[in-house]
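Student: Chain residues, written in single-letter form:
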Amino acid sequence: MNKTKIEEEVTADNQELRSFNLSILTENKSGLLNAVTIIFTRRKINIESINVSETEVEGVSRYTIVIKTTREQVDKVVKRIRKLIDVFWAFVYESDEIFYQEIALYKVPTKVFLNGEKAEHLVRNNGARILVIEEDFIIIEKTGHQNETKDLLEKLKPYGVLEFVRSGRIAMSKSMRGTELFLQELHNHY
Amino acid sequence: METLVNEKQITTAKKTMSGAEAVICSLLAEGVETIFGYPGGAIMPIYDALYDYMDQVNHILVRHEQGAMHAAQGFARVRKEVGVVFATSGPGATNLITGIADAHTDSTPIVCITGQVPSSLLGTDAFQETDVIGISMPVTKWNHQITDAREIPEIIAKAFYIAKSGRPGPVVIDITKDAQFASMEFEYQKCSKIRTYHPVPKIKEEQLQQAASLINKSERPFLLVGQGILISEAQDILRSFIEKANIPAAWTILGLSALENSHPLNVGMLGMHGNYAPNLLTNECDVLIAVGMRFDDRVTGDLTKYARQAKVIHIDIDPSEIDKNVKADVPLIGDAKQVLEALLPLVSKKRHGPWLKRFKDLHKIEVEKVITPALYPQTPGILMGEVIRHISEATKGEAIIVTDVGQHQMVTSRYYNFKHPHSNVTSGGLGTMGFALPAAMGAKVGMPERPVVAIIGDGGFQMTLQELGTIFQYEIPVKIVILNNGFLGMVRQWQQMFFERRYSFTEMKNPDFIAIAGGFSIQGQKVSDRKHLVAAVKEMLGHPAAYLLEVVVEKEENVFPMIPSGAAVDDIRME
Ligand SMILES: Cc1ncc(C[n+]2csc(CCOP(=O)(O)OP(=O)(O)O)c2C)c(N)n1
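Going line by line, the protein sequences match chains F and X.
So in our numbering, spot 53 of the first sequence is number 53, and the numbers just go up one at a time.
So in our numbering, spot 172 of the second sequence is number 172, and the numbers just go up one at a time.
Keep in mind that the hints were calculated from the coordinates and are not lab data.
Check each hint, because a few of them may be wrong.
[Said to hold, decoys possible] Simulated crosslink set (DMTMM-like; lysine to aspartate or glutamate; CA at most 20 Å straight-line): (1) F:Lys76 with X:Asp329; (2) F:Lys29 with X:Glu154; (3) X:Lys193 with F:Glu180; (4) F:Lys29 with X:Asp329; (5) X:Lys311 with X:Glu206; (6) F:Lys79 with X:Asp286; (7) X:Lys305 with F:Glu180; (8) X:Lys360 with X:Glu243; (9) X:Lys217 with X:Asp286; (10) X:Lys324 with F:Asp75; (11) X:Lys327 with X:Glu284.
Using the sequences plus the hints, can you model the full thing?
Tutor: Structure (structure tokens):
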């Protein structure tokens, strides 16, 4: 059967590489992280970032995983994740379907701040804050998207950045439904 | 004791016992009658506890842990029960892995209990410590390590529920030695619910309607029978369904025996060495109804040229199978039996005369070109097909047939005429050579009243032949047929067809198989001449104990038809 134009567009769209955010609700069980990540390993999908934390419901964890892959692949992967016995549900979002943040920490020598105000301006103008001041170094904290935290890194580099670290992405959907209610609905569905 | 282990009684009185004894009592509470296993240091407390329960549970000491797995698989497949395996830590557990992977691919319910080093030694590279949880994770449906004896009943109950429900699969429970020794209060409660797990999805009414409408409008419907039919015991409803709308049905290798071969709507086997008509007509049907099958590449060949003209209705209990390989126009997620029951009243009676005739006409070509020459050969040497024909005739299609992997497997699947469901046991998805001998042994233990015939290549036999020892010790009257072509036949066929006959390491100098069997007091005979074949098959089947029949077959026979790897289903070759 010949493909229609629309079908071709859909196929192309499905095969374009982009970032997807997976949000996975699970039991808090040891070894489960391994069970989740081998699903990616097996398909040679690299995990861009990962974060695991307990939700507002005791005993229920949320994994937030960012991967770069195709729509077609992510749809298959997410079904595999849902199949894991200790997983309640897995959602897949594109970045415009969620609110998300990452947090970055920068360690710079304290003397930079003693030599004039420029560095302090940088911190203030970039929505960052000073987390700690030690005799030798200062730690700056910034919350933002990757391009923003990276931007500040570039700006701080001339002053000498000793260390930089960025967290995995954490995200929330645009739905009004909390975890508890969602789990209840899931339960009722089956 | 009775009250503790009575299967029907769900809750039981508490009793103080060791973790090891709790393992045995939990298994008894699940109704387990047979365990296949092999002891070692880390599982010794469990074996010691077993010693006191020998009158209540049958333990079979295999000769290699892989054999325990395959035996449990054979048992599980014919009994429709969970197979149970014991192994020790380290090498005992790693020896299970091939079998676990096989059970995972072929959705076979198994609970494996492995001993583990004491919890204080975990992570220290202690003697015979391996990360069983880590190693088995990709090939199990679920696994869990127990370090606290009190967890034992609950986790075993969960393991059985998970292994058996929904799409079945293997589960590993790894129990540290200290947990086996520790004392606990035993109380057993069967598991019927896990809050994160929903094994049987609800069927969507709207999709049922859509499916029925497609089927009712269809002029050339075609149904694919997968193992899901057997797992959900949907074989009767399947028959009513296809008979009502006169839908031709073909099967995957694991769907074989769900529909008797003699059924007029059974149009044969799918895939690489399947029948001509169903492969070719996959690309002519207008509605393809796939039931409990996963569109394996050995079935579909080139996906870009697979049933592109057809509307696809995919019925499966596992949502992750939908759109994995073939895009479904109408997915129907649910238990195959429930779905077919719901669908049956919605489909109209149809005849589909001209469409069914297409299958018949194409089949005639295959009969003439391939089937007759395979079953009634004129060749000097014996061909595999005629051996299977004789076995099929002599057993009247009543036997449980267990095949290994290779040419003989394809030939057996093509030519044995099955009458009853759950009668075909083979390693389909993983294609594990060495599967058949132990699996046949397990099947015979599971179904002692039915004849069990293992059909094995000379290569595969030598992968697990040590299980002759188990067959000998427990006097398991399984019939073993070695189709000896002196080659790793299937690989040789590929070398001949696609690698210019460069037979790189596929020819084998074989031992005296009859003498080997003799070493285990198993009788047998070797047949090289066609004129002795019928009598030999008869003698084997009539023999009261295990028997080994070696048939020397044509060295360079090829299995046809064949869809070359990566080609389209309609590129099927007859020679
Ligand atoms: C454990 C394992 N190793 C290798 C293979 C690859 N393989 C598939 S079929 C085959 C040949 C089997 O030869 P034999 O058992 O003699 O059976 P025949 O094909 O001759 O009937 C091989 C080596 C396999 N399937 N399993």
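Student: Confirm or reject each hint.
Tutor: Status of each hint after checking the structure:
no., hint, result
1, F:Lys76 with X:Asp329, "holds, 16 Å"
2, F:Lys29 with X:Glu154, "holds, 16 Å"
3, X:Lys193 with F:Glu180, "holds, 19 Å"
4, F:Lys29 with X:Asp329, "violated, 37 Å"
5, X:Lys311 with X:Glu206, "holds, 16 Å"
6, F:Lys79 with X:Asp286, "violated, 28 Å"
7, X:Lys305 with F:Glu180, "violated, 46 Å"
8, X:Lys360 with X:Glu243, "holds, 17 Å"
9, X:Lys217 with X:Asp286, "holds, 10 Å"
10, X:Lys324 with F:Asp75, "holds, 9 Å"
11, X:Lys327 with X:Glu284, "holds, 17 Å"
Checked against the numbered hints listed earlier, the structure breaks hints 4, 6, 7; every other hint is satisfied.
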